[in-house]
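> Based on the provided sequences and hints, a complete structural model is requested.
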Amino acid sequence: MKKGDDMGKFRSLDDIVSVDGYPGYECLRPYLQRSLGIICESREVGEDMFYRLDDSKVLAWLLCKVAKLSEALKSSSGLFSGLHPNELNVYVIKLLGEYLKMDPWVSPICKHLGVDTDALKTARASFVPCMPAPSKTPESKGNKLNGPAAKKAALSKNSKLSGASPKITSFFSKPR
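Here the sequence shown stands for residues 1 to 176, where the numbers follow the numbering used here.
Note that these hints are calculated values from the structure, not bench results.
Check the hints yourself; a few may be wrong.
As a list, the in silico SDA-like pairs of lysine to any residue whose alpha-carbon atoms are at most 25 Å apart [claimed, not checked]:
no., residue 1, residue 2
1, Lys9, Tyr25
2, Lys9, Leu59
3, Lys57, Pro108
4, Lys94, Ser81
5, Lys101, Asp20
6, Lys57, Glu41
7, Lys65, Lys94
8, Lys65, Leu113
9, Lys111, Ala72
10, Lys65, Thr117
11, Lys9, Glu44
12, Lys101, Arg11
13, Lys57, Leu100
14, Lys57, Ala72
15, Lys101, Gly8
16, Lys57, Cys110
17, Lys111, Glu98
18, Lys9, Arg29
19, Lys111, Lys121
20, Lys57, Gly97
21, Lys111, Leu59
22, Lys94, Leu69
23, Lys57, Ile38
24, Lys9, Tyr22
25, Lys65, Asp103
26, Lys101, Leu62
27, Lys65, Tyr25
28, Lys65, Phe80
29, Lys65, Leu53
30, Lys57, Ile39
31, Lys68, Pro104
32, Lys68, Ile39
33, Lys57, Asp15
34, Lys9, Leu36
35, Lys101, Pro85
36, Lys65, Leu28
37, Lys65, Gln33
38, Lys111, His84
39, Lys111, Thr122
40, Lys121, Cys110
Right under this line is the structure:
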C-alpha cells in the first residue's frame with residue numbers, strides 16, 4: 001500500500017521471500033516469480049527482477065476475486081441465488097474483510113462496487129441465508145399406531161431392551 005506520494009521501492013524476490021523466523025517461505029519462490037506480476041510492477045535490471053506493489057493492480061485482482069466468489073456462491077447452492085446482487089456483494093465483501101484490512105483495501109472495493117461501508121457495519125455479522133425448514137409430510141394412517149396397540153408395541157419394545165441388558169445400577173454395586 002502506498003503511503004501518500006511515496007510509490008514504495010522496488011524489492012528483489014529474495015527480499016520479499018526471506019522473512020526472519022519463517023524459512024518455509026523460500027519454497028514459495030517458484031510460485032511468486034510467476035504471479036507477482038499480477039499485483040506488482042516489475043522491472044528487470046540485468047538478470048534480476050525487482051517488484052513494487054501496485055495498488056491499482058491489487059484492487060483489480062481483488063475485484064476479480066469478488067466476482068469469482070459471487071459467481072461461485074450463486075452457482076454452488078440455492079441459498080445465494082435469490083439474493084439481490086447488492087446483498088451478495090455485501091456478503092462477499094464482509095467475507096473478504098475477515099482477511100483484509102478495512103482502510104487500505106475494503107473501502108476501495110466498496111467504492112468501486114457501489115456498496116456503502118456503513119452497510120457492512122449494519123449488516124448482520126454472521127449473515128448467511130438459511131435454508132427453509134423442510135415441510136413435514138403427513139404419514140399414512142396405516143403406518144401409525146394409535147391407542148392400545150401403540151402402548152402394547154412400546155411395552156413389547158421396552159421389555160426386549162430391558163431383558164437383554166443389566167440394570168444401570170448393577171455397574172456401581174460391589175461384586176459378591
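> Against each hint, give a clear statement of whether it holds in the structure.
Okay, the hints, checked on the actual structure:
{"no.": "1", "hint": "Lys9 with Tyr25", "result": "holds (21 Å)"}
{"no.": "2", "hint": "Lys9 with Leu59", "result": "holds (19 Å)"}
{"no.": "3", "hint": "Lys57 with Pro108", "result": "holds (12 Å)"}
{"no.": "4", "hint": "Lys94 with Ser81", "result": "holds (18 Å)"}
{"no.": "5", "hint": "Lys101 with Asp20", "result": "holds (23 Å)"}
{"no.": "6", "hint": "Lys57 with Glu41", "result": "holds (9 Å)"}
{"no.": "7", "hint": "Lys65 with Lys94", "result": "holds (13 Å)"}
{"no.": "8", "hint": "Lys65 with Leu113", "result": "holds (13 Å)"}
{"no.": "9", "hint": "Lys111 with Ala72", "result": "holds (22 Å)"}
{"no.": "10", "hint": "Lys65 with Thr117", "result": "holds (19 Å)"}
{"no.": "11", "hint": "Lys9 with Glu44", "result": "holds (14 Å)"}
{"no.": "12", "hint": "Lys101 with Arg11", "result": "holds (23 Å)"}
{"no.": "13", "hint": "Lys57 with Leu100", "result": "holds (16 Å)"}
{"no.": "14", "hint": "Lys57 with Ala72", "result": "holds (22 Å)"}
{"no.": "15", "hint": "Lys101 with Gly8", "result": "holds (19 Å)"}
{"no.": "16", "hint": "Lys57 with Cys110", "result": "holds (16 Å)"}
{"no.": "17", "hint": "Lys111 with Glu98", "result": "holds (18 Å)"}
{"no.": "18", "hint": "Lys9 with Arg29", "result": "holds (20 Å)"}
{"no.": "19", "hint": "Lys111 with Lys121", "result": "holds (15 Å)"}
{"no.": "20", "hint": "Lys57 with Gly97", "result": "holds (18 Å)"}
{"no.": "21", "hint": "Lys111 with Leu59", "result": "holds (11 Å)"}
{"no.": "22", "hint": "Lys94 with Leu69", "result": "holds (12 Å)"}
{"no.": "23", "hint": "Lys57 with Ile38", "result": "holds (7 Å)"}
{"no.": "24", "hint": "Lys9 with Tyr22", "result": "holds (23 Å)"}
{"no.": "25", "hint": "Lys65 with Asp103", "result": "holds (18 Å)"}
{"no.": "26", "hint": "Lys101 with Leu62", "result": "holds (13 Å)"}
{"no.": "27", "hint": "Lys65 with Tyr25", "result": "holds (24 Å)"}
{"no.": "28", "hint": "Lys65 with Phe80", "result": "holds (17 Å)"}
{"no.": "29", "hint": "Lys65 with Leu53", "result": "holds (18 Å)"}
{"no.": "30", "hint": "Lys57 with Ile39", "result": "holds (5 Å)"}
{"no.": "31", "hint": "Lys68 with Pro104", "result": "holds (21 Å)"}
{"no.": "32", "hint": "Lys68 with Ile39", "result": "holds (17 Å)"}
{"no.": "33", "hint": "Lys57 with Asp15", "result": "holds (21 Å)"}
{"no.": "34", "hint": "Lys9 with Leu36", "result": "holds (15 Å)"}
{"no.": "35", "hint": "Lys101 with Pro85", "result": "holds (23 Å)"}
{"no.": "36", "hint": "Lys65 with Leu28", "result": "holds (21 Å)"}
{"no.": "37", "hint": "Lys65 with Gln33", "result": "holds (20 Å)"}
{"no.": "38", "hint": "Lys111 with His84", "result": "holds (18 Å)"}
{"no.": "39", "hint": "Lys111 with Thr122", "result": "holds (17 Å)"}
{"no.": "40", "hint": "Lys121 with Cys110", "result": "holds (12 Å)"}
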